[in-house]
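As they're listed, the protein sequences go chains G and X.
My numbering runs 2 ahead of the 1-based position in the first sequence.
My numbering runs 2 ahead of the 1-based position in the second sequence.
Note that these hints are calculated values from the structure, not bench results.
Just so you know, not all the hints are guaranteed correct.
Heads up, the list lumps identical chains together, so a pair's fine if it works in one copy or across two of them.
[To be verified] Capping the alpha-carbon separation at 30 Å, the derived lysine-lysine pairs in DSS-like fashion look like this:
id: 1; residue 1: Lys274; residue 2: Lys316
id: 2; residue 1: Lys83; residue 2: Lys281
id: 3; residue 1: Lys283; residue 2: Lys80
id: 4; residue 1: Lys394; residue 2: Lys166
id: 5; residue 1: Lys174; residue 2: Lys104
id: 6; residue 1: Lys80; residue 2: Lys186
id: 7; residue 1: Lys80; residue 2: Lys281
id: 8; residue 1: Lys283; residue 2: Lys231
id: 9; residue 1: Lys166; residue 2: Lys451
id: 10; residue 1: Lys231; residue 2: Lys394
id: 11; residue 1: Lys354; residue 2: Lys186
id: 12; residue 1: Lys83; residue 2: Lys231
id: 13; residue 1: Lys80; residue 2: Lys394
id: 14; residue 1: Lys80; residue 2: Lys231
id: 15; residue 1: Lys354; residue 2: Lys80
id: 16; residue 1: Lys431; residue 2: Lys338
id: 17; residue 1: Lys316; residue 2: Lys231
id: 18; residue 1: Lys394; residue 2: Lys83
id: 19; residue 1: Lys83; residue 2: Lys283
id: 20; residue 1: Lys83; residue 2: Lys354
id: 21; residue 1: Lys443; residue 2: Lys338
id: 22; residue 1: Lys541; residue 2: Lys231
id: 23; residue 1: Lys337; residue 2: Lys275
id: 24; residue 1: Lys337; residue 2: Lys528
id: 25; residue 1: Lys104; residue 2: Lys394
id: 26; residue 1: Lys186; residue 2: Lys83
id: 27; residue 1: Lys166; residue 2: Lys104
id: 28; residue 1: Lys186; residue 2: Lys107
As the structure is a computational prediction, the values presented were derived from the model and not from experiment.
Number of protein chains: 2
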Amino acid sequence: MRRFVIGQAKNLIDQTRRRPPQPHHHNNLRLLSLLRPPASDTTPVSSPRLFSSSSSDMSGSDSSTSSLPVTLDSINPKVLKCEYAVRGEIVSIAQRLQDDLKTNKDAYPFDEIIYCNIGNPQSLGQQPITFFREVLALCSHTALLDESATHGLFSSDSIDRAWKILDQIPGKATGAYSHSQGIKGLRDAIAAGIEARDGFPADPNDIFMTDGASPGVHMMMQLLISSEKDGILCPIPQYPLYSASIALHGGSLVPYYLDEASGWGLEISELKKQLEDAKSKGITVRALAVINPGNPTGQVLSEENQRDIVDFCKKEGLVLLADEVYQENVYVPDKKFHSFKKVARSMGYGEKDISLVSFQSISKGYYGECGKRGGYMEVTGFTSDVREQIYKVASVNLCSNISGQILASLVMSPPKPGDDSYDSYIAEKEGILSSLATRAKTLEEALNKLEGVTCNRAEGAMYLFPCINLPQKAIAAAEAAKTAPDAFYCKRLLNATGIVVVPGSGFRQVPGTWHFRCTILPQEDKIPAIVNRLTEFHKSFMNEFRD
Amino acid sequence: MRRFVIGQAKNLIDQTRRRPPQPHHHNNLRLLSLLRPPASDTTPVSSPRLFSSSSSDMSGSDSSTSSLPVTLDSINPKVLKCEYAVRGEIVSIAQRLQDDLKTNKDAYPFDEIIYCNIGNPQSLGQQPITFFREVLALCSHTALLDESATHGLFSSDSIDRAWKILDQIPGKATGAYSHSQGIKGLRDAIAAGIEARDGFPADPNDIFMTDGASPGVHMMMQLLISSEKDGILCPIPQYPLYSASIALHGGSLVPYYLDEASGWGLEISELKKQLEDAKSKGITVRALAVINPGNPTGQVLSEENQRDIVDFCKKEGLVLLADEVYQENVYVPDKKFHSFKKVARSMGYGEKDISLVSFQSISKGYYGECGKRGGYMEVTGFTSDVREQIYKVASVNLCSNISGQILASLVMSPPKPGDDSYDSYIAEKEGILSSLATRAKTLEEALNKLEGVTCNRAEGAMYLFPCINLPQKAIAAAEAAKTAPDAFYCKRLLNATGIVVVPGSGFRQVPGTWHFRCTILPQEDKIPAIVNRLTEFHKSFMNEFRD
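Generate the whole structure from the sequences, applying the supplied hints.
Listed below in structure tokens is the structure:
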């Protein structure tokens, strides 16, 4: 087989480069990890230096880089303030361990790192939905549609669908920038999917397609936040996209606490209290962010609760930012997902009554197409001049990626009964969702069996968020190591088991309580081993620090 | 053939919806366009209402929407300040015309809208490079790699390359979030491509993959700008991404004027003058943005000029933001693209000497994969702690889309001699680039033949930016219509010919001069008709307004 071009280019360069080859980041990291003890909770890691070894020219001493113009003191302080624990310190440690495992297998009591820190199903072995990928491949290389052999390789409805999608793109050009809100025909499909879901009309001109839900959230924060006097009500615990985005845009996160004792209940009295508190500090609250199903908390709101939330927003003049990316992830028979738009419309509230933005993503659900970066926001109840401003900001980035746009349309209009793919599609979808429900239940039960741990059920989404009642000695040890007690626990867990979870402090929590977020995404055959390793670790941890 | 599911869903909803169907945006627009005269320069369009008819609930009167919480007065003023002419008013008018053309063909002296406003090659018929799309399709639907029929449909090197790429992705999961900077193996390929291009080492850990170049530019602006006291030196005329991004991040655009008389020359004396001027206003200039080859101006910088720019940045402590997205688009034998990193390294400046960010995109070059949204920035000469901050901001958005990442790696490591695809790849690439050169030349010559028009040659990039010496009567008519004189000209051109170009005022220009930007992207067989229509229009315009 031909030699891979990268190797060829590298050789060429090695022969011609004017300076000696630079040591690689990877090698340096391994060297560093050999020079210091394996990452442990006693290693000061509060300011990880991810890049300290990436460039050999930069030896890291301040004097050697003093001529460079950009310093931490001169950059935007909003960037400094921003935090994102889901890919924070614990993941950096895990990546170092993973690198070292390759050559140093015997040094660790585990043979792989299991990433339960992030909702990234396909990284843990979940297979994509075949129909979606067939359509994507056909739209990526449209010459396939002219080949007769294609009919033997693809389902007939994927071929039909690819044609339909291409017909909706001017010139069938999947390599062209689209309309700034996304391809009109795909927005038509999404609007039809929303209508089918909700039983209320949806307008394709209300859809803004985005590279995942995150850019949509940023866009709304950018619109709504002028200064730290603008507040956004956010659930605590929250998905740290919200705190990060608010920090980057210089606003104030106004927290409202979910009630862990009632299964992470969202109480209107708490919203009122926090709103008043913010007002008394001179903060104008612009919006209420609600994550339903909850992240990291996994609860599914009742329709009655949602009606109260809608009324609260209407009364208080708040934009309702509805993070509904887990709308397909509901695992319990007594709960059902209702979109906030459906709830608002069923209360008789229309475009003139409430400002509502619903975020959807192709990264979650049963599809889990995180890497494709697709999603949309449905923007309703804004005046035309404000909508023009949203359109303008979308235009500056030209458009979201077309593969993501295509997948977003497919997710909202999947195969229907009678279609060639329908049976296999349903089997794949139900297989994934029922397995996720099983895994959620198994992990929840295992967590609840641990000493000092209580864990609400994951009614939906992809996470468990157990509360750990840590012994005083463990808290003292964490303080001595200058780390939060739950981060201390999570690092110990990682070092003992290779399991990566995110400390509750990364999501915020009631002060004095400690949690971690663990995804339910490892494949079913891995769950028993994970439960065993977690259980053994926890016993040993509690014994070590028992008061 | 089966009925398309969107149609089915729409029918279902039409039968069950609780309110009467809402009129569609599209219908409303057509109605509006019938109620008013065809968009012309005498229609006040300084504040286009793109969405005024999108939702029937919002009839547009202020009183009917007064209960909505968000108003132009309450949103972020930075958003209000941001402008992006490339998709601005002229495009809105063009879209209205295009809609009306469908049913009202006889009302116009042309039968199609030709979008020369934006560098979007595939929207105007440019075909994607076959090898790139083959690899993309195989990575989109990996099951194809197990089918023997695939070998009849794909080149052997595309199959090899797809395997190589999949081997570099943990679990071969193209649907998973990647490392926040992009898949390591793809960054290796990009770094090798940079090394092959420049003859100097490149580090994959310096590569941050992005959804096109724009998000990279935003990321750097976000890092460097804390307030309006932070300035960014930008060329005038400039690609309005820069002014838009600086406005959104609340900084100050510090202009430096390119010298039209010397082929849009970049003079160091002008940089110094503007830097001093900014300092005297209390502005700290953080960075110098250079677009090479130039957009909208098409010049290619000489290596000597680049050396002076590098020295200027080093001496003044400025980050050099090098927009090098047109690096493959050079059309004249006497000019050659040199990356700023190569220039800096060849001067002996390393990581410790100069802070340099190079932006690259898959949207331009001969590939023109705008819709795939891929690109990268190569970040060199930053301290490790500042790089951590860039990494953190990248992490908040998780990663750029994997299809775009794959394409970015392919663009930087295309087929090599001996590969199955090599001959066809070279034929496609050279066909596109030589045709672009022909089109640039033809259009430039045609423009220079027009009365009062002078046009520098397009040495590179995808645009011509002619200067139009407008008669005083035309300027007076524009003033009466409350529009900039070049916008007046461009709207007249659109209404007379269907050709969409962007007024120079959208890019900024020396006050009192007037220009427009026209892409060189219409297919060759359309160029003669475009030249004819443009020439006829210009004659008639000049005759109408002759002083």
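Hints not upheld, ascending by number = 9 and 22
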